[in-house]
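Novice: Taking the hints into account, I'd like the entire structure generated from these sequences.
There are 2 protein chains.
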Amino acid sequence: MDTSSRRLRLGMVQLDVTVGDFAGNHRKMQRVLREARRLNVDLVTFPELAICGYPPEDLLLNPRFIYKNLRYLVKFIQNTVNMNVVTGFVDYGEEEDEIYNAAAIIYCGRHIGTYRKIILPNYGVFDEKRYFTRGDECTVLEVCGVKVGLNICEDIWSEEGLVEAQIREGAEVLLNISASPYHYGKSKERLAQLFELARKKKVVVAYNNMVGGQDELVFDGNSVVVDQRGKIIACGKQFSEDFVVADIVIDAASGRRAQSKKDLAKSSDWFVQSIGVAPFSGYADKPHIDARPMQEYSHEAEIYDALVLGTRDYIEKNGFKKVVLGLSGGIDSALVAVIAVDALGKNSVVGVSMPSRYSSESSVTDAVLLAKNLDIKLISLPIEPLFQTYLDALSVVFGDAKTDTTEENIQARIRGNFVMALSNKYGWLALPTGNKSEMATGYATLYGDMAGGFAILKDVPKTLVYKLVAYRNSKAGYDLVPQSVIDKPPSAELRANQRDTDSLPPYEILDAILKAYVEDGQSAIGMIEAGMDENTVRQVIRLVDKSEYKRRQAPPGIKITTHAFGRDRRLPITNKYDGKI
Amino acid sequence: MDTSSRRLRLGMVQLDVTVGDFAGNHRKMQRVLREARRLNVDLVTFPELAICGYPPEDLLLNPRFIYKNLRYLVKFIQNTVNMNVVTGFVDYGEEEDEIYNAAAIIYCGRHIGTYRKIILPNYGVFDEKRYFTRGDECTVLEVCGVKVGLNICEDIWSEEGLVEAQIREGAEVLLNISASPYHYGKSKERLAQLFELARKKKVVVAYNNMVGGQDELVFDGNSVVVDQRGKIIACGKQFSEDFVVADIVIDAASGRRAQSKKDLAKSSDWFVQSIGVAPFSGYADKPHIDARPMQEYSHEAEIYDALVLGTRDYIEKNGFKKVVLGLSGGIDSALVAVIAVDALGKNSVVGVSMPSRYSSESSVTDAVLLAKNLDIKLISLPIEPLFQTYLDALSVVFGDAKTDTTEENIQARIRGNFVMALSNKYGWLALPTGNKSEMATGYATLYGDMAGGFAILKDVPKTLVYKLVAYRNSKAGYDLVPQSVIDKPPSAELRANQRDTDSLPPYEILDAILKAYVEDGQSAIGMIEAGMDENTVRQVIRLVDKSEYKRRQAPPGIKITTHAFGRDRRLPITNKYDGKI
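Chains as they are written, first to last, in this note's numbering: chain W, 1 to 581; chain X, 1 to 581.
No lab work stands behind these hints: they were computed from the structure.
Small disclaimer: the values here were computed from a predicted structure and weren't measured.
Worth double-checking, as some hints may not be accurate.
A pair counts as met if it fits within one copy or between any two copies, since identical chains are not told apart.
[To be verified] Computed list of lysine-lysine pairs in BS3-like fashion (alpha-carbon distance at most 25 Å, straight line):
id, residue 1, residue 2
1, K546, K475
2, K188, K321
3, K576, K28
4, K576, K321
5, K377, K402
6, K321, K402
Specialist: Rendered as structure tokens:
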């Protein structure tokens, strides 16, 4: 053993698991253990709830689900001979119906300790207090002579003194296993917080995040180890699986900073369990593994990759082989098609062109050109004969009633029926192409263009759609999405010479108001005082509020902002609140 | 003042409020105060969160909503001169972002105390820990010499000793203001618990529930005052607004049972605030008001009335004047039509007959007969020309592919488009007619028969549909729903000679399995061991599990069972759990 310093080779497994896929998750975990053995890793860690997937939601209320997770934990442990491992799982409590979001501490094939998550998030997309009991004991492991304070996800941000209690007990490394859902910019915020924590507390911080898509959530990965000076020792990839190995060296001089039990009792209410795991480092004489440089992503690249991963995982984990979507010649469907091809490959994406009497010629040719650029199959199903048949049938009832959005919606629903017919006949998943600006204002037809299984752009505002297309075209090095698609004024093409701006403010203005209202929770007054046009603000807020019933029937989509529609924002439909004080 | 006994005239306002309708709720509350004054009521009580409506969900995250609720509380208090009132409202805490589910104690126009709910439900349909901070102080009021222990909803069922602390402080009456959502049988269970509490603790129990529909929830009313011997002193109506006045008489002999402060401190951790409100009873010399006999409801009558109220409130509170629904000649649409007429009146309900090549003649004539019985308008829109046009259009793609559910779904979606066209053109709310058995097994077409704004039967199993029709026909005294509708074998009539039993087990068997699985959370093994057929059990569970994506896009409906689909049962779509241990 090197006496001048203590060394710990940490291997963090940035895993993409599937909720309830115990066997599949187990196989993945086994595979990495072999790699960890080969690399002489001293401590291998897996993300929060890695055994069963995150978030399992109400599956957690099923005792059989909990047993199965425990059975797979045991099975997993049996394969950890000569290894030290920490993994997330669901722990059973002493009382009936008590379960914990927990981390198993495994030493050479034995489950020698358990840490139970203390801070249970119950806001935004999280419902952890619905399921879990709060843990009440901090944990410090000693691995290869290095003291490691273990915690789960939110625990590390707690202001209740958890981390402080671990440090007082001598923790030199703070190890956090996590399942932290993505929104844009979050990885940078998180990294800044980890830097600050490391520098402020003078500890190494190791953050092991989950990666992958689970319904509306995407976990971004970005696992990282930061040293006491805020320098990155190792980092994981963004939006893909990774095994992040970090050589952590603790100077002999740094010494142990544990206070006496007596002092500790005085300075903290937290009971800290200390567990000795492994006295020697297996890698001490092996070559040092250097940090991979952290990759820099643009705002658009980050969001684009989140959408690709979220799409791929939803489709593959739900057992679909192909997707189908309407290609209108507009920019939204173009972006959905490009993302789908990037996620699944060109042979798994089918476009449908469904022109009407109101479709411009360029819409049809643009759809053809895009399909050609992407090399995907394009089916043509004009809706005119059906539209006319609907109008004829309904004329008996409608008589000479004025034409209005009814006739527009009929066209959108004919297209919905076509796309779903292809979906039903061939087992393809239908992808609706609406964006967040439409979803917010109700500028979309229920059972029409909203029809489908997974709404990739549900949380992507229209102005961001343009930026993502520009990013992807620039990455392609040519007009993958034809320039004419980008240039044409947005239109639903459901009546003659229609423009989105007939019904909505220009998207730059609309999206700014939507961000202020939906993401930042600003009031109308606040926005108006900040210089936004009063009529426009009130119009947009009214549209958002009265479209709640539509969103309730919308398919799931990928959360990429701080406030996605869905479980992030739970509003009643029956609601007469006018927004005023 | 009568020295031989103490008297308290309690007036409990069983109110139907609307979330966010501060002005409307305020007007209603004012109106009852006048009546309370006329009746010399000593203490008037309003339900949980009466000021703002329950549950406000994420409106509670909007500080302006909280301010407005406080402003309306002040406005309300200004009108309580010479009255003692308790009402639910949202209280602001000392810390930023801290809010409480609270009860204001109002004495002669002054807000003299506040009780803050302690037990915050966070299971089933409830998310109260997402919003509220937990109170930590029990309250005992003294009104007209009678000591009243005040608490909110779940508090009264707590095993943490809240009620015991109030009784030790001398509480002779336990007053609970509540917003307790309905499921079948709940009022009986609740009443039995209230009886037991009253007898066991030898206190009067006064339970003031909310009434009305709010999205998927119905509050059943059934407010009640039970004396120390478990006798009903007064009770409110079921599923309608009521003002429940009870004369509570406490024998002089019963005395005060408060222990000394010292003993109390020893026996309870709870801090109890004691508030003296009114020394004399205003009604002491007035004639006694006798208890109204409690009305007995059959299982079917109770559920039927819940559905009528839930329907009426959803439609009226959301500002609709009329509804439209497809009348297939089947029993589900017949029941929906009857409920809609009972809720809104015959002039507010429009039926649409949309026969296809597969519709039996009796289906068409039955729809006509039902519409005649109900005296509602019936529109006829045959779908055949559209169906043929779809088949022709799709033949280019489908070629000679085998006919399957695709062609069935196309028909359902043509009907969905027709109903929505009427909805869009005339502003009528579309009512889908599917039942819980279909919703559970996915035996319904997304964007087809699932299309609409409010799914009345979403939580009503098919076998219960039959019972509700029998109940309503028997109440009508004739075959309001024609006997041939009841007699015909269930069929979607989407292909020749189709029967529901081609795809599903008979409904008696299906519904028993669904109850065991969805409501009682039983496992396949458990059901099989209880004697159910293994293949059928596994088939049904598979159907339920794989239909989650459909339910996610279903319209809201009325919860009437212990586990409705929706926020009661939050399952991931992406989910590979096989149900095994």
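Novice: Each hint should be assessed against the structure and marked as holding or not.
Specialist: Checked hints:
Taking CA atoms no more than 25 Å apart as the test, K546 paired with K475 passes in neither setting, with 39 Å inside one copy and 38 Å between copies. For the homomeric pair K188 and K321, neither the shortest alpha-carbon distance inside one copy (34 Å) nor that between copies (51 Å) is at most 25 Å. For the identical chains of this complex, K576 and K28 are inter-copy neighbours only, at 15 Å across copies versus 50 Å inside a copy, given an alpha-carbon limit of 25 Å. With identical chains, the CA atoms of K576 and K321 are at most 25 Å apart between copies only, with a shortest distance of 17 Å across copies and 44 Å within one.
Within a single copy, K377 and K402 get their C-alpha atoms only as close as 39 Å, which misses the 25 Å cut-off; across copies the closest is 22 Å, which meets it. In this assembly of identical chains, K321 and K402 lie within 25 Å of each other by CA distance solely across copies; the values are 20 Å between and 44 Å within a copy.
Hints 1, 2, counting from the list given before, are not met by this structure.
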